[in-house]
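A.B. asks: Here is how the chains run, residue by residue.
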Amino acid sequence: MHQLLSRTLTARFSMRGRSGDSLTSSSPSLACPFSKHFPKYRIDLTRVQPPKKSGLSLPFVVHLQKSLRKREWEAKMSTDIEWMETAAAAAEGERGGVQAITIFQRLWDCASELSFPSESAADGNQQQRVILGLTDATHLSVVQHWKDIFDWMQQEDSLQNLLGDVKIDVTLHNDEKGIVLVELVSHGTVIMSVANPNNTYNPDLLTEGTQSWVKRILVDQGICPFTKSVKLSGQGLGELGIPVAKIYFCSSDANQQQLSKLMAGTFRILGKYYR
Amino acid sequence: MNSFVSPYYLILSHHTLSDSWREIAFMLDMGPSGKEGISSILLAAPEYDDNFDLWAGPVFAMLEKGVVACGLEPQVGVVCFHPQYATPDGRSFPGFGHMHSVPRLKKWLHETDPALEKELSDDEIAAGGAWQRRTPHATINVLRAEQLEAAEGRRSSSELYTENIRRLVGKTDGIGSTKLQQDLQREQALG
Chain A
55 MHQLLSRTLT ARFSMRGRSG DSLTSSSPSL ACPFSKHFPK YRIDLTRVQP PKKSGLSLPF
115 VVHLQKSLRK REWEAKMSTD IEWMETAAAA AEGERGGVQA ITIFQRLWDC ASELSFPSES
175 AADGNQQQRV ILGLTDATHL SVVQHWKDIF DWMQQEDSLQ NLLGDVKIDV TLHNDEKGIV
235 LVELVSHGTV IMSVANPNNT YNPDLLTEGT QSWVKRILVD QGICPFTKSV KLSGQGLGEL
295 GIPVAKIYFC SSDANQQQLS KLMAGTFRIL GKYYR
Chain B
3 MNSFVSPYYL ILSHHTLSDS WREIAFMLDM GPSGKEGISS ILLAAPEYDD NFDLWAGPVF
63 AMLEKGVVAC GLEPQVGVVC FHPQYATPDG RSFPGFGHMH SVPRLKKWLH ETDPALEKEL
123 SDDEIAAGGA WQRRTPHATI NVLRAEQLEA AEGRRSSSEL YTENIRRLVG KTDGIGSTKL
183 QQDLQREQAL G
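Sequences listed follow chains A and B, in order.
For the first sequence, the residue numbers in the numbering used here are 55 to 329.
For the second sequence, the residue numbers in the numbering used here are 3 to 193.
Don't read these hints as lab results, they were simulated from the structure.
It is possible that some hints are incorrect.
Calculated lysine-lysine pairs in the BS3-like style (CA-CA distance at most 27 Å, straight line) [as the list claims (entries may be wrong)]:
id	chain 1	residue 1	chain 2	residue 2
1	B	K181	A	K285
2	B	K173	B	K108
3	A	K269	B	K120
4	A	K300	A	K282
5	B	K108	A	K94
6	B	K173	A	K282
7	B	K109	B	K120
8	B	K108	B	K120
9	B	K109	A	K94
10	A	K221	A	K130
11	A	K130	A	K231
12	B	K173	B	K120
13	A	K124	A	K231
14	A	K221	A	K231
15	A	K221	A	K201
16	A	K201	A	K94
17	B	K181	A	K282
18	B	K173	A	K269
19	A	K120	A	K201
20	A	K201	A	K124
21	A	K231	A	K120
Excised from the complex, chain B in its bound form (with noise of 0.2 Å):
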């Protein structure tokens, strides 16, 4: 017989009754499908929100390191968001839980859409990976490997992510990243 102690003992008893109620709603909300309820979870820790350096850093390390720790690789993946989000410049590895590098995304418009490529400037590029995994907070998102797995083989990286780069930053039909700015902002003053 399996005699460990329930996780939501546990959360029962070393969390607030508050927080306590909302796992209980959620897990109501969530139904008898279990585990199979859940696609992703995105949590949100807006103390964060003004040091990227530390987010990206040794917060995420620790996440994937823990995740490595717990024998969960196999079947979750933890992913960077965070409201002052850049995109990696190539010339270092910041882990697997981060957006393609500049060089990378600017390899995949000069593949996919030549035009693109010439009309953006490296720095527009990098923001429209940036604006990717610009959340209103610092957030992890937690993600099935099996969904990652399906989804890798219903896609070409080169052509979606060049097409996102286009409707974020595109000069002719693309957002633009004041208009981006702002509407973060306003997601931001929420909460």
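Same shape as in the complex, but just chain A (with noise of 0.2 Å):
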């Protein structure tokens, strides 16, 4: 798979403008199927100052004060807070990441269950109100550049027929205890997440037919030379330190009204990568 992908490497890109289309169903060319010409799109990240480090403070009393936020957060907003516990984002040294990738799933899972909650969970045009909360301010640069992310895919004109009527507000809070609060409220008509029985999604089966890929194309016809079976990549770089490893295959049952959902399962799965 290496030499296909060599692009992903060092450059970072900025997409601009974009289509106007929309984009619920394929746009065939009238030209060549196998060439295209890409709509631009850009997703600008606020900047974010990051927290100034407070005074050396012993754990437990940090922890303290923390705690007594937490209760007094909870009291003002009036309903229950998902913490997530998160430790100092420079915990994670240069790797960084984890952390970040589990904030952003689980963001993108509330978002998903808000837009298609389950059949018990949702009531028509009742309101739906979630607050996941973060212990550590570090992180706040995290959820804002989500929220631009999802605030952007809310208002890209392209997917206004796709993503329907339920609007997702973002509203994030933070005190000087590094508490950080990502509220999440939706509006209009939910869309009851039910099972279809057409449905045919099968996980083993879509790994068969991409393992049958993998073989047919870059085992067989050489298309990747890193690539030497179906199960394993990384052949032929043991000299620069990369070791043979193995091939994670796996798949999402999102449909293309459920972006979030498709978002939350991939950061999921990115974050077993980075474990």
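Using the supplied hints, reconstruct the complex from the two chains, each of which is provided in its own coordinate frame.
C.D. replies: Structure (structure tokens):
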């Protein structure tokens, strides 16, 4: 696979503008079916100032202060708050990521559940509200950037027909003790998440199909010189310190309206990757 | 002490039992090597098979921006595969998870194998690029950046892509789009 993907490596990209066309169905090209003009999409991330470091305190004092603040926030918000006991982002060192990934995954999960509640959780036009709490302000940029992406999704013209009537307002709250809250409130007619009787989703068969493709294209045709089997890749890179390792096959049953569910599933898998 | 809630706690809390068991089976299968045990991830999302514009556009825009937001750029790349994949025409930049553009592939063919470049039309070169990315279902590929970097140093892009296009759509000994489409449909029919 590696040779196909070199451009994912180093550069950062900024997509700008957009097509203005609805994306509810494929738009067959009038010309060659193998070539395409790609519309550009731009998602801007808000610059967030890192929180000031507080003075040294004994850990149990910090813990006590935060516990009190959590209770105060719960009283103020008049609802239960789902707390994620996050450590400071800096504790992750240069690897970064694993806590950010989990926060992203959980926020996408919350958005998905608000948009497509299970049958027992929803009631027509009833307003739904979820508050996720983080206990370290170093993750403020992560939740702000998630909000940037989520808001972009809700406002993107080409997605309006897909996403339907449900809108979710996202509000961030934070305090000087490092508590960060993400409040999600849904409006509009929710779509009940019920089982589709025609759904033929079968993870095992999907994996079988993808593995067949890996063998047929990547292995047998040598399209990726570093993938020599269906289950392992990285062959030929040992001298460079890259071990041969497994290819992980997985799938999502999210439909085209359930972009939040797809995102949650993808970040869940990413979390596994970085564990 | 790191008091962070394990991602696996969240998985077990918020996903179905069958999903959870699949994750547990995965962990057991991976053994003790942890993250070093996985070279890449292929995540298929069949409900997106008929909408390449959505998949390659907003979905990958949000994914790639999410990778940036989580500070993962130095570690991973996300790459786009789809049963209707089309090679960028070179008039716009679709992002880093996509195939090289038709003009660039054509240039590499010209440099590496001028006879092949003369033999193939631009549409056929585009097909040679697209078939490298046409999977049975809409697929997200996650790869480790360090592996990609190492792989980059081990091969010439122009030679590799030229050879790939020759094998897939070359007039003399290539598989051809008709057979490639049949094989893809057979794999799609699996699930």
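A.B. asks: Output the numbers, in ascending order, of every earlier hint that fails for this structure.
C.D. replies: 3, 14
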